[in-house]
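**Q** So you can see what is in the structure, the chains are spelled out below.
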Amino acid sequence: MSKRLTAAQLTRRATLTRARETAIAARVPSTTTTVRKRSLRKFAYNSYSFTGVGGASTIFGVQASEAAVKYLAGDLTDATVLAKLGLRAPSSVTDPVTQKPKGFKPARVSIMVGATTPTARTTSWGSRVIKYSAATGGTAQAHYLSPICADATATFPEVNDKATALYVALIARGATAGLGELDYARFYLYPEEFTNSKN
Amino acid sequence: MTDTFEEFLAIPIIIQPGMNEADFQYELAKMNARASATAEFVRGELEPEDYFEVLADCGVNIDTALADWSSGVSYMK
Chain L
0 MSKRLTAAQL
10 TRRATLTRAR
20 ETAIAARVPS
30 TTTTVRKRSL
40 RKFAYNSYSF
50 TGVGGASTIF
60 GVQASEAAVK
70 YLAGDLTDAT
80 VLAKLGLRAP
90 SSVTDPVTQK
100 PKGFKPARVS
110 IMVGATTPTA
120 RTTSWGSRVI
130 KYSAATGGTA
140 QAHYLSPICA
150 DATATFPEVN
160 DKATALYVAL
170 IARGATAGLG
180 ELDYARFYLY
190 PEEFTNSKN
Chain P
0 MTDTFEEFLA
10 IPIIIQPGMN
20 EADFQYELAK
30 MNARASATAE
40 FVRGELEPED
50 YFEVLADCGV
60 NIDTALADWS
70 SGVSYMK
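Read top to bottom, the protein sequences are chains L and P.
FYI, the numbering for the first sequence is 0 to 198, going by numbering that gives the first Met the number 0.
FYI, the numbering for the second sequence is 0 to 76, going by numbering that gives the first Met the number 0.
These are calculated hints, taken from the structure and not from any lab test.
Wrong hints could be hidden among the right ones.
Claimed, not checked - Distance windows between CB atoms, simulated: (1) Glu52/P - Ser91/L: 40 to 48 Å; (2) Asp94/L - Asp22/P: 38 to 46 Å; (3) Thr30/L - Glu44/P: 46 to 54 Å; (4) Pro95/L - Asp56/P: 39 to 47 Å; (5) Asp56/P - Thr30/L: 47 to 55 Å; (6) Asp62/P - Thr10/L: 18 to 26 Å; (7) Gly58/P - Ser29/L: 39 to 47 Å; (8) Gly58/P - Arg37/L: 30 to 38 Å; (9) Gly53/L - Glu44/P: 24 to 32 Å; (10) Gly58/P - Val34/L: 20 to 28 Å; (11) Lys36/L - Glu44/P: 35 to 43 Å; (12) Val72/P - Pro95/L: 40 to 48 Å.
To be verified - Residues from chain L shown here face chain P by an in silico Cβ test under 7 Å; the list is partial: (13) Asp182; (14) Arg185; (15) Pro190.
What the hints assert, rightly or not - Keeping only pairs whose Cα atoms sit at most 30 Å apart, straight-line, the calculated DSSO-like set for lysine-lysine is: (16) Lys76/P - Lys83/L; (17) Lys41/L - Lys101/L; (18) Lys101/L - Lys76/P; (19) Lys36/L - Lys2/L; (20) Lys36/L - Lys29/P; (21) Lys36/L - Lys99/L; (22) Lys29/P - Lys83/L; (23) Lys69/L - Lys99/L; (24) Lys29/P - Lys130/L; (25) Lys36/L - Lys69/L; (26) Lys29/P - Lys69/L; (27) Lys83/L - Lys101/L; (28) Lys2/L - Lys76/P; (29) Lys104/L - Lys41/L; (30) Lys76/P - Lys36/L; (31) Lys69/L - Lys101/L; (32) Lys76/P - Lys29/P; (33) Lys36/L - Lys101/L; (34) Lys29/P - Lys104/L; (35) Lys76/P - Lys69/L; (36) Lys41/L - Lys83/L; (37) Lys104/L - Lys69/L; (38) Lys76/P - Lys130/L; (39) Lys83/L - Lys69/L; (40) Lys76/P - Lys41/L.
Nothing here was measured: the structure is a model prediction, and the numbers come from that model.
Beta carbons are placed, not taken as given, at the ideal position from N, Cα and C, and that holds for glycine.
The shape of chain P in the complex, shown without the other chains:
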């Protein structure tokens, strides 16, 4: 699945049981923001620090994400 760098960095929306429509829309909007930022980062238009800031704004724990990525864990698998 993860044949490109962008696919490796993907942080998807996870559908939780009992999620309501409003939660879903909110999480989906955050996922879209992360997707655009990841594409810009991969194209070289965002500095790593700025990219991390976007991820943090979108509710991602950077410490956990970096530790996972450095040990080869992708969130799309």
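With the rest of the complex left out, here is chain L:
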């Protein structure tokens, strides 16, 4: 079903692939001894798929990247700010946080922050690439992935609505100068994953 390529295209691709493999084989591991700390924090998560007595969401404990929650919501501890992602501090939840079922993955939002001015560079194997990500190498971070969940009080929560509200808020935040840092940004949403199997 894929496109049929010409001999010239395939030859060029083969040349580039060979050059890339040679360049990768010649790489030496970095000698930097410091590593970046990527802290995780536990949050209470209201499930979309699992409901308890009276139709209330079942609450699970999930780990979230502190950098991602800070970027997407704005703060790690402020309850009203965290509500943008639906997350709550475990200590603020009176219901017990249940063990997650096997195969369960929370709904997640993922974003790549774009560079206001994209840059082009030539790879060590001779192909030209344009970089739209804001990461500038070293410890810079441009990708954020965080769980997003239903509001505790929502009756028929939809993950699409929650994510749309979050993205609109992010756009509004960056809207001071065009879309500012969100030019060329990429947004994505992963709905909640669970297994239907009875085993």
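Take the given structure of chain L and dock chain P to it, following the hints.
**A** Okay, now just chain P, sitting in the frame of chain L:
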């Protein structure tokens, strides 16, 4: 970033400079539809042909996407 199959298949909304509010909402709705279809496909509830049809309806060039995926390119990177 792409540690699961679903994360590999992700086709995000790309914020273009000069995009207005209406364009943004339209693209966001299409991205949500693609996200639900991808999750269903990964769970095995959608046949590949049906999944491709949803992607085509959401403005994705299937030929390009398949060629990219088969050469290991993910759109979230």
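**Q** Each hint: holds or not?
**A** These are the hints, each one checked on the structure:
1. Roughly 44 Å separates the CB atoms of Glu52/P and Ser91/L, a value that falls within the hinted 40 to 48 Å.
2. Distance hint check: the CB atoms of Asp94/L and Asp22/P are about 42 Å apart, consistent with the given range 38 to 46 Å.
3. As the Cβ distance of Thr30/L to Glu44/P is approximately 48 Å, the hint placing it in 46 to 54 Å holds.
4. Taken as a hint, the range 39 to 47 Å holds for the pair Pro95/L and Asp56/P, whose Cβ atoms sit roughly 43 Å apart.
5. Distance hint for Asp56/P and Thr30/L: a CB-CB separation of about 50 Å, consistent with the stated range 47 to 55 Å.
6. Take Asp62/P and Thr10/L: their Cβ atoms lie about 20 Å apart, and the range 18 to 26 Å holds.
7. Separated by about 40 Å at the C-beta atoms, Gly58/P and Ser29/L satisfy the suggested range of 39 to 47 Å.
8. A beta carbon spacing of about 35 Å between Gly58/P and Arg37/L agrees with the range 30 to 38 Å that was offered as a hint.
9. Judged by the Cβ atoms, the range 24 to 32 Å given for Gly53/L and Glu44/P holds: they are separated by roughly 28 Å.
10. At about 41 Å, the beta-carbon gap between Gly58/P and Val34/L misses the expected band of 20 to 28 Å.
11. At roughly 39 Å, the beta-carbon separation of Lys36/L and Glu44/P lies within the given 35 to 43 Å, and the hint holds.
12. Under the hint 40 to 48 Å, the C-beta atoms of Val72/P and Pro95/L, about 44 Å apart, fit the expected range.
13. For Asp182/L, the interface hint holds, the least distance from its beta-carbon to any beta-carbon of chain P being 5 Å, beneath 7 Å.
14. Annotation: interface hint on Arg185/L holds; nearest CB of chain P at approximately 4 Å, less than 7 Å.
15. Among the interface hints, the one on Pro190/L holds; its C-beta lies about 4 Å from the nearest C-beta in chain P, closer than the 7 Å criterion.
16. The suggested pairing of Lys76/P with Lys83/L holds, with an alpha-carbon distance near 25 Å, which does not exceed 30 Å.
17. Restraint check for Lys41/L and Lys101/L: the C-alpha separation of about 18 Å stays at or below 30 Å, so the hint holds.
18. Of the supplied pair hints, the one linking Lys101/L and Lys76/P holds, its CA atoms being roughly 28 Å apart against a limit of 30 Å.
19. Annotation: proposed proximity of Lys36/L to Lys2/L is violated, straight-line Cα distance about 43 Å (limit 30 Å).
20. Simply put, Lys36/L and Lys29/P have alpha-carbon atoms about 36 Å apart, too far for the 30 Å limit, and the pair is violated.
21. Straight-line distance between C-alpha atoms of Lys36/L and Lys99/L comes to about 26 Å, which keeps the hinted pair within the 30 Å bound.
22. A hinted pair counts as satisfied when its Cα atoms are at most 30 Å apart, and Lys29/P with Lys83/L qualifies at roughly 22 Å.
23. Of the supplied pair hints, the one linking Lys69/L and Lys99/L holds, its CA atoms being roughly 24 Å apart against a limit of 30 Å.
24. Under the criterion of a C-alpha separation no larger than 30 Å, the hint pairing Lys29/P with Lys130/L is consistent with the structure, at around 24 Å.
25. With a CA separation close to 15 Å, the supplied pair Lys36/L and Lys69/L stays within the 30 Å bound.
26. Simply put, Lys29/P and Lys69/L have alpha-carbon atoms about 27 Å apart, close enough for the 30 Å limit, and the pair holds.
27. Taking the CA atoms of Lys83/L and Lys101/L, the gap is about 27 Å. The hint holds against a cut of 30 Å.
28. Restraint check for Lys2/L and Lys76/P: the C-alpha separation of about 23 Å stays at or below 30 Å, so the hint holds.
29. Restraint check for Lys104/L and Lys41/L: the C-alpha separation of about 14 Å stays at or below 30 Å, so the hint holds.
30. Of the supplied pair hints, the one linking Lys76/P and Lys36/L holds, its CA atoms being roughly 21 Å apart against a limit of 30 Å.
31. A hinted pair counts as satisfied when its Cα atoms are at most 30 Å apart, and Lys69/L with Lys101/L qualifies at roughly 28 Å.
32. For a cut-off of 30 Å, the pair hint linking Lys76/P to Lys29/P stands: about 20 Å separates their Cα positions.
33. A hinted pair counts as satisfied when its Cα atoms are at most 30 Å apart, and Lys36/L with Lys101/L qualifies at roughly 28 Å.
34. This hinted pair checks out: Lys29/P and Lys104/L have alpha carbons roughly 23 Å apart, not beyond 30 Å.
35. With a C-alpha separation of about 21 Å, the suggested pair Lys76/P and Lys69/L falls inside the 30 Å cut-off, and the hint holds.
36. Note on Lys41/L and Lys83/L: the hinted pairing holds, with a Cα-Cα distance of about 16 Å set against a maximum of 30 Å.
37. As the CA atoms of Lys104/L and Lys69/L are separated by approximately 21 Å, the hinted pair is consistent with the 30 Å bound.
38. Using a Cα cut-off of 30 Å, the hinted pair Lys76/P and Lys130/L holds, with the two alpha carbons roughly 10 Å apart.
39. Pair hint Lys83/L plus Lys69/L holds up; C-alpha atoms about 11 Å apart against a cutoff of 30 Å.
40. For the proposed pair Lys76/P and Lys41/L, the alpha carbon gap of about 26 Å is at most 30 Å, so the pair holds.
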